[in-house]
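**Q** Chains as they are written, first to last, in the UniProt record's numbering: chain A, 1 to 511; chain B, 1 to 165.
Derived from the structure by calculation, the hints contain no laboratory data.
From a predicted model like this one, the values you see are computed outputs, not experimental measurements.
C-beta atoms are modelled at their ideal positions from N, C-alpha and C, and glycine is treated no differently.
Incorrect hints may have been included.
Okay, the calculated bits of chain B under chain A, using three or more residues with CB under 8 Å as the criterion [claimed, not checked]: (1) 9-23; (2) 29-43; (3) 66-79.
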Amino acid sequence: MSVRIFVPRETTALALGADEVAAQIEAEAAARGVEIELVRNGSRGLFWLEPLVEVETAAGRIAYGPVEPGDVAGLFDAGLLEGSNMPALCQGPTESIPYLQAQQRLTFSRIGVTDPLSIDDYCAHDGFRGLRRALGLEPQAIVDEVKASGLRGRGGAAFPTGIKWQTVLGAPAEQKYIVCNADEGDSGTFADRLVMECDPYLLIEGMAIAGLAVGATQGYVYLRSEYPLAHEIFNEAIARAEAAGYLGADILGSGRRFDLEVRLGAGAYICGEETSLLESLEGKRGMVRFKPPLPALEGLFGQPTVVNNVLSLAAVPFILSRGGQAYADYGMGRSRGTLALQLAGNVKRGGLVELAFGNTLRELMEDFGGGTASERPLRAVQVGGPLCAYLPESQWDLPLDYEAFAEVGAGVGHGGVVMFDDTVDMAEQARFAMEFCSVESCGKCTPCRIGAVRGVEVIDRIRAGDNREANLALLGDLCETMVDGSLCAMGGMTPFPVQSVMKHFPDDLQR
Amino acid sequence: MFNSTFQPWTPQLVRDEIDALKHKPGALLPILHAIQDRCGHVPHEAVPIIAESLQLTRAEVHGVISFYHHFRTAPPGRHVLQICRAEACQARGSRALEMHAREVLGIDYHQTTADREITLEPVYCLGNCACGPSLRIGDRIYGRVTPQKLDLLVDEMTTQVLEVS
């Protein structure tokens, strides 16, 4: 019997040489005359171990990593095919790796375990159970299940998903849409990409359930063009799901329809804002719309539209198959369920950490992350993307919870955690926040379009020591104007990282 | 290992891509992507053809092309090298990497080397944030890119394979 060996086909693993490792393993096996079955699985999300090679044994899967092509021959010599624990790169049974074992993987239960494109694998691991149950329920019962879960929008705004669905369900229209926001533009985030590359049927199932819930027959995934592999894998998954009857005119013989199409963005961060995204899907410039009307009532092509983030939709299959209460049993306060945290930047053990709300940021960065990759002291951490605050050490004991973060003017956002060591110049980071906004502003409202440009200039003057106190006061005023006067979160939140630098790292602006 | 195969644009190529996609609701972005995927850019001359087919004004089509960073109106070099400028990569040294790339290539962002081999572009996040600094060449993404590794990649891109018969 041939030995099954798993080598991930996922962006980070590939960026670190997974294809070369896979080729080397095949070549080595051929040279030794041993038969292997090479499976290209998704990533487990343990990025510091990528490329992570796994071997299936009677005692479960054994992990080896990080493997470089040059390590392969030595691994074979040391008993890779038998799952030997001899090689230095052996991490033991994959499921027992503490980083993985300590997580609560509800949404990400399958990533790295299965062949992402195998529908058989997906079904063998509870796939499409939520969809099958939803097909037997009234739309209102599906929405009620999502409401009971307490799920809030995982894109960053944390709006209750069930309430959004209820609004669309109650809006009479010939045509409604499900739009998935996969424009994962925040630096430090990759969880949407992991869903689409490593468990694409999960998102397909979540969107189909959303369609059944609100009476929408067409779905669009708006995917950023920076994710070519996710695009390729997800398109293939749609084609296979259609062929197998999980999408299309007659889902599993129910007579219900749901079609799905991926549309590529074009490198505009603002298109992660839901109304700008809708404009872009309609083939226009991604200019932010005024609200109201809400997209739930007048969204894509003027029709009632659910716009949800990948992670919100990907949480839905669990909620339908296990029940809303099972999901709500995790979490704290009004933050129910799990949060996909993404450890990034200067971190020793970067990767995906799915946890129930409530752990502290410090536990996450130290227990999971293991501190900085540079082994220098950690100085600042930006949680929630480029529009969220930089947190100093005094705030690292906050529990990861929407309300706790909001109380100190910080955000959980999409769960990205970007760590910086003590070599960081926070004045430079503040400048970048403004610069990024000046590059990415849609230009519709003045505080954002002009404020960001002026913000860069003022920070440059402060850093140059030019009339520093007066310019710091001016920067404070400018930030307030942008927060209060911008049309959307782009201009309205860009000041948050800047203000956090002024408040918590003032010395960096005095150098 | 790198093969970028952009074709020279022709009115017929543009019309073919439009005809294949114009039935879709909101077809403009898919059409622009299709043209750029084949030609490496969206030529100015394509604008009136697209506008007429979709019953838009030329200004509207131009407005969409110029709004999105992804779309180029001039042909790129044989390879497009994108360096991530976003925060997670900054935390791992991307600022030094950017500077090094500009120095080695002798160009700034949105420029192409004199030999037409490499176009340098900024990108804001490739989703490889735990293993930065990151860059993208064609559809391939690279992680933990040091200045030395960048030099190797530039060498590979600019080395022509000669077939010896």
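**Q** Run the structure past the numbered hints and jot down the numbers of the failing ones, going up.
**A** 1
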